[in-house]
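2 protein chains.
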Amino acid sequence: MLYLIGLGLGDAEDITVKGLEVVRRCSRVYLEAYTSVLTVGKEALVGEEEFYGRKLILADREEVEQEADNILKDADISDVAFLVVGDPFGATTHSDLILRATKLGVPYRVIHNASIMNAVGCCGLQLYKFGETVSIVFWTDTWKPESFFDKVKKNRQNGMHTLCLLDIKVKEQSVENLIRGRKIYEPPRYMSVNQAAQQLLEIVQNQRLRGEEPAITEETLCVGLARVGAEDQKIAAGTLQQMCTVDLGEPLHSLVITGGSVHPLEMEMLSLFSLPGSGLGP
Amino acid sequence: MLYLIGLGLGDAEDITVKGLEVVRRCSRVYLEAYTSVLTVGKEALVGEEEFYGRKLILADREEVEQEADNILKDADISDVAFLVVGDPFGATTHSDLILRATKLGVPYRVIHNASIMNAVGCCGLQLYKFGETVSIVFWTDTWKPESFFDKVKKNRQNGMHTLCLLDIKVKEQSVENLIRGRKIYEPPRYMSVNQAAQQLLEIVQNQRLRGEEPAITEETLCVGLARVGAEDQKIAAGTLQQMCTVDLGEPLHSLVITGGSVHPLEMEMLSLFSLPGSGLGP
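These protein sequences, in sequence, are chains S and C.
Following the numbering used here, the numbering of the first sequence begins with 66 at its first residue and continues without gaps.
Following the numbering used here, the numbering of the second sequence begins with 66 at its first residue and continues without gaps.
Watch out, some of these pointers could steer you wrong.
Note that identical chains are pooled: a pair holds if it fits in a single copy or bridges any two copies.
To be verified - Mimicking SDA-like on lysine to any residue, the simulated pairs with C-alpha atoms at most 20 angstroms apart in a straight line are:
no.: 1; residue 1: Lys168; residue 2: Met332
no.: 2; residue 1: Lys248; residue 2: Asp206
no.: 3; residue 1: Lys299; residue 2: Gln191
no.: 4; residue 1: Lys194; residue 2: Gln222
no.: 5; residue 1: Lys299; residue 2: Asp312
no.: 6; residue 1: Lys299; residue 2: Thr167
no.: 7; residue 1: Lys219; residue 2: Val171
no.: 8; residue 1: Lys194; residue 2: Arg245
no.: 9; residue 1: Lys236; residue 2: Phe203
no.: 10; residue 1: Lys168; residue 2: Leu340
no.: 11; residue 1: Lys219; residue 2: Val199
no.: 12; residue 1: Lys168; residue 2: Ser339
no.: 13; residue 1: Lys299; residue 2: Val171
no.: 14; residue 1: Lys168; residue 2: Leu330
no.: 15; residue 1: Lys168; residue 2: Glu267
no.: 16; residue 1: Lys168; residue 2: Asp144
no.: 17; residue 1: Lys236; residue 2: Arg93
no.: 18; residue 1: Lys218; residue 2: Asp141
no.: 19; residue 1: Lys209; residue 2: Ile233
no.: 20; residue 1: Lys218; residue 2: Glu284
no.: 21; residue 1: Lys194; residue 2: Asp161
no.: 22; residue 1: Lys216; residue 2: Ser326
no.: 23; residue 1: Lys218; residue 2: Gln263
no.: 24; residue 1: Lys194; residue 2: Phe213
no.: 25; residue 1: Lys216; residue 2: Gln191
no.: 26; residue 1: Lys120; residue 2: Arg90
By construction, these hints were calculated from the structure, which means they are not laboratory data.
Could you build all of it, start to finish, from the sequences and the hints given here?
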């Protein structure tokens, strides 16, 4: 049996009781090491091998894609666990691994957990009022994609909030190392709410220069979230302009752009996290 | 400290390791008994008091709304847990309880878990492509609300899937018992995918009678899900017409109406659950 097991968002103890029991009886345990990190970081997690009672095999994107058959080896006659930060069907669906397993006749089971896609509700905005989720990637000097902004616009037109997942760069190579075939990797980078807000404001300014009316402005109500689910989680509600400078600390960060209409109960919850001068009270 | 703790979706062992540790050291433990049920049912859960190591106090909607102060009593000097099926910020946000706690100066902490809002990804449809979530309520002879259908329409126009949460009637009184003030409650009722699909088709037919073009038809691709996260979970992909008769077994059920465009990878995943004659393969 292949078990896809969600780890939740904070630290190793956010695994479910059921998930931990399964891990402890599996013959091999892989840890998906590319779409996200627990707030405690991969290293701490590997240090948690004692907690799991199993050696963790780190599997990066390359390995999962190219060596799926290794992961699935003997999974028809023994149990193999594939651990995923958040939920196995959160931001990345891992459909490939499931389809591959099914083709090999390996049964699978999913053990769900919280992902940012539902835990974001902790800011007080109602989950059912979220529209399409977008991803904001790091811009480079030559590549500044704006296309995701249409989705934010559509969501706002429909009164829906937008969850923005912020870019993570793990195991990236510099162009030089890539060309020379050197497997030397850059330090991991995690986009902050500040960076995301600054890129968003640049898009707003570009649209104004083109004579378009942007769907959001400096004054649009946003919510920045950091380390959701962890003890030191931080939430701040304020204007997009304020998101450019708010200090939310260490990664991971997420950003919510509210829909045009915010329910009074949502407003009351947001006010628990309001930045001074945001106009939100208290 | 007030702890809001998500229980996840399947059975008692779907609580997180962290959540269980907190429960075991709390002085009082409430179980929210009105928005949802674990697949195993409330009774089995109460039977799990040994697992939790604590007596569970069932709190229905009335109690949470009217006796919030009882729940929060001494929570500033001791630890109180409020257990919620799914995630504390899933379908119902429990904002009221949090706002009340904050006003009383009681700190709170959330321990997240899976909810249907993210676990629905297990059917293979991508979470970020879900639009506004809707609720489908039991129709009566005299009350047949159709207004939620506009949201389905808007989602489909934007190429988004719609998660339909199906009605749950717990602790309902008959009109006669209500009038006579008798606290006698009807047996709980859970809407099935069949019932939801039949109501949807009635709306479609009504729209045709009024000369409107309905946003969905008998042939629209849908996914029925039952007991998500449990060992005997069942998923079926097929037409809306097929959803009227598919046998998914015991509650809880949920229904997804796909957006106009379904990605090939989503299609491949759905084909793992396809009903014969749905045209989906495999």
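Going through the hints against the structure:
no.	hint	verdict
1	Lys168 with Met332	between (49 angstroms within a copy, 15 angstroms between copies)
2	Lys248 with Asp206	neither (24 angstroms within a copy, 69 angstroms between copies)
3	Lys299 with Gln191	within (18 angstroms within a copy, 28 angstroms between copies)
4	Lys194 with Gln222	both (12 angstroms within a copy, 17 angstroms between copies)
5	Lys299 with Asp312	within (9 angstroms within a copy, 45 angstroms between copies)
6	Lys299 with Thr167	between (41 angstroms within a copy, 16 angstroms between copies)
7	Lys219 with Val171	neither (41 angstroms within a copy, 39 angstroms between copies)
8	Lys194 with Arg245	neither (48 angstroms within a copy, 39 angstroms between copies)
9	Lys236 with Phe203	within (15 angstroms within a copy, 51 angstroms between copies)
10	Lys168 with Leu340	between (52 angstroms within a copy, 18 angstroms between copies)
11	Lys219 with Val199	both (12 angstroms within a copy, 18 angstroms between copies)
12	Lys168 with Ser339	between (51 angstroms within a copy, 16 angstroms between copies)
13	Lys299 with Val171	between (41 angstroms within a copy, 18 angstroms between copies)
14	Lys168 with Leu330	between (48 angstroms within a copy, 15 angstroms between copies)
15	Lys168 with Glu267	neither (46 angstroms within a copy, 39 angstroms between copies)
16	Lys168 with Asp144	within (17 angstroms within a copy, 49 angstroms between copies)
17	Lys236 with Arg93	neither (23 angstroms within a copy, 46 angstroms between copies)
18	Lys218 with Asp141	neither (47 angstroms within a copy, 43 angstroms between copies)
19	Lys209 with Ile233	within (16 angstroms within a copy, 47 angstroms between copies)
20	Lys218 with Glu284	within (15 angstroms within a copy, 31 angstroms between copies)
21	Lys194 with Asp161	between (30 angstroms within a copy, 18 angstroms between copies)
22	Lys216 with Ser326	both (17 angstroms within a copy, 16 angstroms between copies)
23	Lys218 with Gln263	within (17 angstroms within a copy, 34 angstroms between copies)
24	Lys194 with Phe213	both (19 angstroms within a copy, 13 angstroms between copies)
25	Lys216 with Gln191	both (19 angstroms within a copy, 16 angstroms between copies)
26	Lys120 with Arg90	within (12 angstroms within a copy, 30 angstroms between copies)
Hints 2, 7, 8, 15, 17 and 18 from the list above are not met by this structure, while the remaining hints are.
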